[in-house]
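Chemist: So you can see what is in the structure, the chains are spelled out below.
Number of protein chains: 2
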Amino acid sequence: MTISPLAPASFPDLPAIDGVTFAAAAAGVKYKDRTDVMLAVLAAGSTVAGVFTRSATRSAPVRDCQEKLGAASDGAAAILVNSGNSNAFTGKAGATAVAALANGVATATGIDTTRVFTSSTGVIGEPLPFERINAKMDELTANQSPAGIADAARAIMTTDTFPKGAAATVMIDGKPVKIAGIAKGSGMIAPDMATMLVYIFTDAQIAQPALQALVAKSNDVTFNCITVDSDTSTSDTLIMGATGASGINVEGNSDFANALHDLMQDLAHQVVKDGEGASKFVTVAVTGAASDSDARLVAMATANSPLVKTAIAGEDPNWGRIVMAVGKSGAAADRDLLTIKLGDLTLAQDGWRSPSYNEDDCAAYMKGQDIVIGIDLGLGAGQSTVWTCDLTHQYITINADYRS
Amino acid sequence: MTISPLAPASFPDLPAIDGVTFAAAAAGVKYKDRTDVMLAVLAAGSTVAGVFTRSATRSAPVRDCQEKLGAASDGAAAILVNSGNSNAFTGKAGATAVAALANGVATATGIDTTRVFTSSTGVIGEPLPFERINAKMDELTANQSPAGIADAARAIMTTDTFPKGAAATVMIDGKPVKIAGIAKGSGMIAPDMATMLVYIFTDAQIAQPALQALVAKSNDVTFNCITVDSDTSTSDTLIMGATGASGINVEGNSDFANALHDLMQDLAHQVVKDGEGASKFVTVAVTGAASDSDARLVAMATANSPLVKTAIAGEDPNWGRIVMAVGKSGAAADRDLLTIKLGDLTLAQDGWRSPSYNEDDCAAYMKGQDIVIGIDLGLGAGQSTVWTCDLTHQYITINADYRS
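Protein chains in written order, with the numbering used here: chain A, 1 to 404; chain B, 1 to 404.
Calculated from the structure, these hints are not laboratory results.
All C-beta atoms, glycine included, are put in the ideal place defined by N, C-alpha and C.
Careful: at least some of the hints might be erroneous.
Unchecked claim - Here are some of the chain B residues that sit facing chain A, going by a computed Cβ distance under 7 angstroms:
hint, residue
1, Ser-55
2, Ala-56
3, Gly-125
4, Pro-129
5, Arg-132
6, Ala-135
7, Thr-169
8, Met-171
9, Gln-349
10, Arg-353
11, Pro-355
12, Ser-356
13, Val-372
14, Asn-399
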């Protein structure tokens, strides 16, 4: 598969996180000749938090993770992820497969099943061949290494065109606290019911409730603010583990919170940049709304509008479609107070095309790879920024192909 | 432009409606060598009702129609419609143009300006050259004819690939009451901010409030249940006029209400069948929801899902994407009670692929031009049916083309 034109030049050099080890293996769940399962093991004393898809038809592993985190205790933990099969819409057999995998990990590592979190991504509605994964459990346990995170990032890919990783080091009281994260794309691509999966690790010390709050807060303005095609996976999962091995407590530390936010935003942008058929990275920044939630409605209506997204693919500064998206969003809006910009160029203001509008300048701007749409509603202080990609022929080609 | 493969074989033979006359003219608003304006004149004693886009950025003519209908009185009326320019997002000049057109019609016909309703469809953000339309007013008045409705249907087209019309005759107390309607497509197509416009005429006698209620009720289950790409026009308009010339009062008559519903559904289906790039007509029928509104959420989430629509374009019975759409809709749903069908074929039930699922049968079904997706949620009595088309390469080609 061709690598996305928006991909970063290379996979970043992720630091080892004290207290976490990784291994990947080729279990043959569906793919041949590649790794398709990864196991991360977190040392005793770790806390784990997570956020998940809100889909009413979410998968068996998502339900299992939610239950386990609801009764969270601290201690050693394991995260097992397979690609090639999402174990979604697999009836009662879904939960059976999750339990079998958790037992497999528990037997191989000695970690309690209540601390084993699993994710699955890939085709929907097919029974997960969990025996193939359990058959690799000894290999996954034997090969555990702090440097294995890059292999883990590759093992969880489905139709991603590049592996996704990001890292940060925060100095607190003169000592480094490290964070490293990996992700796979949100594209729900045939033949797979793909999924956004994100795993973040840190050697910071932080109690579970504080970690959960931190993850949820940053998730709301990062992963919850990206959209490729408005469709929502049955399996979206973000799990973060903190080993505490640095001995530094980060609760209430804003530097740590900011670093985590930036890392999550970086991974979220990488997911968008690997959106099916993406040729442009689009930022929709809404200001001046009556409320933040209104701003989000406008931003999402714009980012999800097929007409806006095809115009961007066509490098067409078609601001009329943005006016349309504002109008249909459901947010309070007043035509005569609306300002629409592309980068620094003002296209529309005061209910009319801007007097400074210049078609050539706008057309030149649209030829860039990074497009910033600015929408000011002129009503209040509400704001929201979301990110998306354009809608191209390649999206149709990828998604209209027959599954066989 | 190639005519949609889903177009009817020919434009129907619409009956003259006693008390309504039509004319079309070529005013050169934007298009050359074709008609682009139509004037319908309704005789004294007529009542007029309408429903409009809920967009917050709706156009000047929509706002004007809404104001006039809010203060509706009975009497002669006129409907003036131009294509080529939507008079949307045109600042204060938008209302000025509407007033100038209403004055033009009033001067030529003697009808009060408060009874002149105008619509405009076409490019957004450009001043409407209303003088060109007013210059044709004498011609439009002189050429009025009961048989002119077919010409009117053609004059209001923008990027529609076929004119849309439908008619019905209802026998009440042994006497015929006639209804005839015309529409233009919902596609919001570059270079135009196109619009769904619908005009329906009858010689029935019915008071304005009863007519308004009837139109609103049928609109909710016809035009409000179609979607091409989830985008909403700034100009959507449906106006119905009843001349009373038949002398037959239809208030409370269910035969008339049913005939009007069927006519509106017919026109709504024609609009979908002219959706940009449409190659298949798709019915999404949801039953068993906790409420009708939940059923509508599921139906619309499915009909608007790019992944569902591209799968249909690819003739792929990818029911996993339908499960996904149900899950993301926001409606109450239980995986283990969900049944998904294609026509009479059951694909999924009881939280799993159906035991009767046969890939070959499903693939053969998907080759048809009419696709019926059945979703039963197994929770209650709520139901909703919506109609859409597939999402094809042609949609991208049409909408990503540069406006110039």
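Chemist: The structure should be examined with respect to each hint, and the outcome stated for every one.
Modeler: Consistency of the hints with the structure:
no.: 1; hint: Ser-55; in the structure: holds, 3 angstroms
no.: 2; hint: Ala-56; in the structure: holds, 4 angstroms
no.: 3; hint: Gly-125; in the structure: holds, 5 angstroms
no.: 4; hint: Pro-129; in the structure: violated, 15 angstroms
no.: 5; hint: Arg-132; in the structure: violated, 20 angstroms
no.: 6; hint: Ala-135; in the structure: violated, 25 angstroms
no.: 7; hint: Thr-169; in the structure: violated, 37 angstroms
no.: 8; hint: Met-171; in the structure: violated, 41 angstroms
no.: 9; hint: Gln-349; in the structure: violated, 10 angstroms
no.: 10; hint: Arg-353; in the structure: holds, 5 angstroms
no.: 11; hint: Pro-355; in the structure: violated, 11 angstroms
no.: 12; hint: Ser-356; in the structure: violated, 14 angstroms
no.: 13; hint: Val-372; in the structure: violated, 19 angstroms
no.: 14; hint: Asn-399; in the structure: holds, 4 angstroms
Hints 4, 5, 6, 7, 8, 9, 11, 12, 13, counting from the list given before, are not met by this structure.
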